[in-house]
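Enquirer: Here is what each chain is made of, one letter per residue.
Number of protein chains: 2
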Amino acid sequence: MALLVQKYGGTSVGTVERIQNVAQRVARAYHEGHHLVIVVSAMSGETNRLIGLAKAIQPHPDPRELDVIASTGEQVTIGLLAMALKQLGIKARSYTGGQVPILTDSAFTKARILNIDSRRIRADLSSGHVVIVAGFQGVDAEGNITTLGRGGSDTTGVALAAALHADECQIFTDVDGVYTTDPRIVPEARRLDTVTFEEMLEMASLGSKVLQIRSVEFAGKYKVKLRVLSSFEDKGNGTLITYEEQDTMEQAIISGIAFNRDEAKITVMGVPDRPGVAYHIIGPVADANIDVDVIVQNTGENGLTDFSFTVHRNEYQKALEVLNNSLGKAFTAREIKGDNKIAKVSVVGIGMRSHVGIASKMFKALADEGINIAMISTSEIKISVILEEKYLELAVRVLHSAFELEKPIAA
Amino acid sequence: MALLVQKYGGTSVGTVERIQNVAQRVARAYHEGHHLVIVVSAMSGETNRLIGLAKAIQPHPDPRELDVIASTGEQVTIGLLAMALKQLGIKARSYTGGQVPILTDSAFTKARILNIDSRRIRADLSSGHVVIVAGFQGVDAEGNITTLGRGGSDTTGVALAAALHADECQIFTDVDGVYTTDPRIVPEARRLDTVTFEEMLEMASLGSKVLQIRSVEFAGKYKVKLRVLSSFEDKGNGTLITYEEQDTMEQAIISGIAFNRDEAKITVMGVPDRPGVAYHIIGPVADANIDVDVIVQNTGENGLTDFSFTVHRNEYQKALEVLNNSLGKAFTAREIKGDNKIAKVSVVGIGMRSHVGIASKMFKALADEGINIAMISTSEIKISVILEEKYLELAVRVLHSAFELEKPIAA
Numbered sequence: 001m002a003l004l005v006q007k008y009g010g011t012s013v014g015t016v017e018r019i020q021n022v023a024q025r026v027a028r029a030y031h032e033g034h035h036l037v038i039v040v041s042a043m044s045g046e047t048n049r050l051i052g053l054a055k056a057i058q059p060h061p062d063p064r065e066l067d068v069i070a071s072t073g074e075q076v077t078i079g080l081l082a083m084a085l086k087q088l089g090i091k092a093r094s095y096t097g098g099q100v101p102i103l104t105d106s107a108f109t110k111a112r113i114l115n116i117d118s119r120r121i122r123a124d125l126s127s128g129h130v131v132i133v134a135g136f137q138g139v140d141a142e143g144n145i146t147t148l149g150r151g152g153s154d155t156t157g158v159a160l161a162a163a164l165h166a167d168e169c170q171i172f173t174d175v176d177g178v179y180t181t182d183p184r185i186v187p188e189a190r191r192l193d194t195v196t197f198e199e200m201l202e203m204a205s206l207g208s209k210v211l212q213i214r215s216v217e218f219a220g221k222y223k224v225k226l227r228v229l230s231s232f233e234d235k236g237n238g239t240l241i242t243y244e245e246q247d248t249m250e251q252a253i254i255s256g257i258a259f260n261r262d263e264a265k266i267t268v269m270g271v272p273d274r275p276g277v278a279y280h281i282i283g284p285v286a287d288a289n290i291d292v293d294v295i296v297q298n299t300g301e302n303g304l305t306d307f308s309f310t311v312h313r314n315e316y317q318k319a320l321e322v323l324n325n326s327l328g329k330a331f332t333a334r335e336i337k338g339d340n341k342i343a344k345v346s347v348v349g350i351g352m353r354s355h356v357g358i359a360s361k362m363f364k365a366l367a368d369e370g371i372n373i374a375m376i377s378t379s380e381i382k383i384s385v386i387l388e389e390k391y392l393e394l395a396v397r398v399l400h401s402a403f404e405l406e407k408p409i410a411a
Numbered sequence: 001m002a003l004l005v006q007k008y009g010g011t012s013v014g015t016v017e018r019i020q021n022v023a024q025r026v027a028r029a030y031h032e033g034h035h036l037v038i039v040v041s042a043m044s045g046e047t048n049r050l051i052g053l054a055k056a057i058q059p060h061p062d063p064r065e066l067d068v069i070a071s072t073g074e075q076v077t078i079g080l081l082a083m084a085l086k087q088l089g090i091k092a093r094s095y096t097g098g099q100v101p102i103l104t105d106s107a108f109t110k111a112r113i114l115n116i117d118s119r120r121i122r123a124d125l126s127s128g129h130v131v132i133v134a135g136f137q138g139v140d141a142e143g144n145i146t147t148l149g150r151g152g153s154d155t156t157g158v159a160l161a162a163a164l165h166a167d168e169c170q171i172f173t174d175v176d177g178v179y180t181t182d183p184r185i186v187p188e189a190r191r192l193d194t195v196t197f198e199e200m201l202e203m204a205s206l207g208s209k210v211l212q213i214r215s216v217e218f219a220g221k222y223k224v225k226l227r228v229l230s231s232f233e234d235k236g237n238g239t240l241i242t243y244e245e246q247d248t249m250e251q252a253i254i255s256g257i258a259f260n261r262d263e264a265k266i267t268v269m270g271v272p273d274r275p276g277v278a279y280h281i282i283g284p285v286a287d288a289n290i291d292v293d294v295i296v297q298n299t300g301e302n303g304l305t306d307f308s309f310t311v312h313r314n315e316y317q318k319a320l321e322v323l324n325n326s327l328g329k330a331f332t333a334r335e336i337k338g339d340n341k342i343a344k345v346s347v348v349g350i351g352m353r354s355h356v357g358i359a360s361k362m363f364k365a366l367a368d369e370g371i372n373i374a375m376i377s378t379s380e381i382k383i384s385v386i387l388e389e390k391y392l393e394l395a396v397r398v399l400h401s402a403f404e405l406e407k408p409i410a411a
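Chains A and B, in that order, are what the protein sequence lines are.
In case it helps, the working numbering puts the first sequence at residues 1 to 411.
In case it helps, the working numbering puts the second sequence at residues 1 to 411.
Treat the hints loosely; a few may be bogus.
Straight-line alpha carbon distances no greater than 30 angstroms define the calculated BS3-like cross-link-like pairs of lysine-lysine that follow [claimed, not checked]:
| no. | chain 1 | residue 1 | chain 2 | residue 2 |
| --- | --- | --- | --- | --- |
| 1 | B | K55 | A | K86 |
| 2 | A | K91 | B | K110 |
| 3 | B | K91 | A | K110 |
| 4 | A | K91 | B | K55 |
Covered stretches of chain B (chain A as the covering partner; in silico rule of three or more C-beta atoms under 8 angstroms from a C-beta of chain A) [claimed, not checked]:
| no. | region |
| --- | --- |
| 5 | 50-61 |
| 6 | 95-101 |
Which bits of chain A does chain B cover? Going by a derived footprint, with three or more residues having C-beta under 8 angstroms, they are [stated by the list, open to error]:
| no. | region |
| --- | --- |
| 7 | 52-60 |
| 8 | 74-82 |
I should point out that these hints are in silico values taken from the structure, not numbers from a laboratory.
Glycine included, each C-beta is placed from N, C-alpha and C at the ideal position.
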């Protein structure tokens, strides 16, 4: 008997029939004797419908009120799933984020979880209930409804698993695991049985979209065993995300090719090459609550340097405005340039730490196809390049093949 | 400068455009200097959509979970109206029932308000905000979401007006006041400038449908000034519901003809004519949370009597089942008969207390048209008759004309 947290996304609960299918799946686990906490998203399309209503009234919706509206999507799903379980004769009880309560900060539309009070859930589990919790939402210290931002239901699942010391957090989605890259771009892409947290973190942040990045961070921080599974097929055990490094002999050097087309890059040209410049550029952007992804600064000459970073494409204009307002106070820049027709492609693998030549192999494969690299950023376990968006698919295919990811790992 | 509670029903907020119209109306009152608390229903059709989803999963939805789902309708409207006001440059903040909090008992789908904590609302009003509250919902002592049942948004409005000692509670609806009867049945029906609480109570409970009965009870109990207005037209001051009796010289004897076709009647024939019988019949029905409307028991003979009552047509089958299970325990009945093709028509007027002959005039008017009366029930200010449903419209017209309600009141 285990304590399992299962999370079902919007597609998995997109219709009454699919909610009934999820109930059947939960019922099987229940009858196997497991304690179950189920986290659900809004029915697919519902969040967009609600945001559409809001935007019809306010083109830039007030964040507090948007959360009041958007959080209703999950609230409907929890009630429906509880009913579907009761219809199968299983005791079930639903909770909104505020009812648990899942305490967050007050950053509406992108709140962060501060604390989870698990007493009500534990009491319900003890009395044989399946507990159903609305994903994506919480409540701040003043009782205001907050949401965690898109994809936040994964984070809710992992945070609950951590708070409850669950044996496993199972993320049910429309794919049956983590692949070496997107099979829609590379048909030979292979499902990974395991992937390390560090790799997954890089894969998620780079847009593999299987899991939301914050949920992976959370899972790593609290050592939550995370498994990605298909909610539509029963075959396979999905991909287990581990936080212990495997024996390197059995470990591929490269786990996968991640990519992201939601970014835009901004370059601040000709700024003074002295301490504090990076802070004076990025500080105001961060203060405006804009997430920055890649940051690159090269060695300068003549006392000047160029500073580049990427942001989400939706925040490109806002970031430019912030920069135009903030620069000139501490120092001046020669020019601010931007480009929102870019994409990021990354080679990810925990094994690359002990293998030289990964970067050169990557750059050669791209050069052979005449793909120009605009920015490069590296970490211990990934190498990312920013390139023109039109080359994205080609780059992914070329790299997947160059690193022979279609071949099974030798045991 | 007054403190006003305004309530807008589902039709008034049925589309984005209508929500914007409500915002305009609220803005005018705001710029006149009033403090405003706005109570809204779900957008029309939304509650039915949500209940439809629930019933697709569970034909008899679990009441707790149904409230979780149904309460989202109002939650969307409060966010949208707050945004519409902000779009007009007015500070606004929305609250769900649970956020206020509006404390209720735990009778899911038909909860009753126990207490309202008005501190957050008062603080917001003091800082110049328009406060928007979701109608129809509350929270019980354990933090479960509850709803007050259909039409409960009126009750929310009145209860808030009472808690805040508001100067007036304005109910905006799709009619511009209370009429002597339904103008769709009697085109000559006339709008009343004022109507007493007692009369309104009888009118509402008898199906005039302008206001939900519980809101009128509440208003009377807490002496809330209640006004019914049109949310679509600006003309007129609607109908003010007063709790002070007017000078009878200016008061019509009869205020209106109310009717209700949502009832069914049940007669328990041949029960012992002794103390406790009424309790043994009605007790189990009330315990099953079925509201009973008219109750009639006539003098018996041979130690036996007949006992009749009416319930909402939706609860007719359930009430019959309850009776069939409960009778025979304390005593036996000769027969239980039921009829769900009935209607109730009532003559209502606070003036009738001091005027004899109202009943005989009513019965004569009906008899002249050959309409048979199945049950009669009277109170100080109303006389109700139960008759076959097919005679409903005819009876209303005949009575409206017999009491000359189309004529303006002589001053």
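Enquirer: State for each hint whether it applies.
Expert: Taking the hints in turn, this is what the structure says about them:
no., hint, in the structure
1, B:K55 with A:K86, "holds, 13 angstroms"
2, A:K91 with B:K110, "holds, 22 angstroms"
3, B:K91 with A:K110, "holds, 22 angstroms"
4, A:K91 with B:K55, "holds, 18 angstroms"
5, 50-61, "holds (count 7)"
6, 95-101, "holds (count 3)"
7, 52-60, "holds (count 5)"
8, 74-82, "holds (count 6)"
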